[in-house]
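Visitor: Sequence:
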Amino acid sequence: MIWTVYLSGEIHTDWREQIEAGAEAAGLPVEFTAPVTNHAASDAAGDMLGKPDVAFWRDHQSSKVNSIRTKTMLEQCDLAVIRFGDKYKQWNAAFDAGFCAAMGTPYITLHNDDIVHPLKEVDSAAMAWAQTPEQVVEVLKYVTATG
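For the sequence shown, the numbering used here assigns the number 228 to the last residue and increments by one with no breaks.
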């Protein structure tokens, strides 16, 4: 079985690349999907439909276009990794975690211990909490093992 793992959340560090490289080095039977990680492109996702004058409506329109990809990939994944970084509040990542919880899709949270308290509800529905990409790879090794 090839596992589809959706990598959600923070876009300002190379955590996705670290997980992908670790999984490849370990020869894991996984394929990765992710949201659009180019911040400017994501913010402009709906601009092709006409750029609204009010920022709220631009964000609203772009979030709907982005959600076509996000919703589809979350519905199709076997497992999600939800990353919360240090610099920005990732409300979209919290939304993705809630979506996974509602669908019954297992997810791993990835964040430092200094934000355990604000993420207590998100973490309580997660199947694992990792603090490093290497820990995520170790979980993937275990869950994809065939013996």
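These are calculated hints, taken from the structure and not from any lab test. Hints are supplied without guarantee of correctness; some may be wrong.
[Stated by the list, open to error] Distance ranges between label pairs, derived from CB positions:
id : residue 1 : residue 2 : range
1  : Thr227    : Glu202    : 29 to 35 Å
2  : Trp138    : Met184    : 39 to 45 Å
3  : Met208    : Ala107    : 29 to 35 Å
4  : Thr227    : Asp128    : 44 to 50 Å
5  : Ala226    : Phe113    : 33 to 39 Å
6  : Trp210    : Thr153    : 35 to 41 Å
As the structure is a prediction and not an experimental result, all values here were calculated from the model. The C-beta atom is built at its ideal place from N, Cα and C for all residues, glycine as well.
Visitor: Give a verdict on every hint.
Guide: Against the structure, the hints:
{"no.": "1", "hint": "Thr227 / Glu202: 29 to 35 Å", "in the structure": "holds (34 Å)"}
{"no.": "2", "hint": "Trp138 / Met184: 39 to 45 Å", "in the structure": "violated (29 Å)"}
{"no.": "3", "hint": "Met208 / Ala107: 29 to 35 Å", "in the structure": "violated (19 Å)"}
{"no.": "4", "hint": "Thr227 / Asp128: 44 to 50 Å", "in the structure": "holds (46 Å)"}
{"no.": "5", "hint": "Ala226 / Phe113: 33 to 39 Å", "in the structure": "violated (18 Å)"}
{"no.": "6", "hint": "Trp210 / Thr153: 35 to 41 Å", "in the structure": "violated (26 Å)"}
In the structure shown, a violation is registered for the earlier hints numbered 2, 3, 5, 6, in ascending order.
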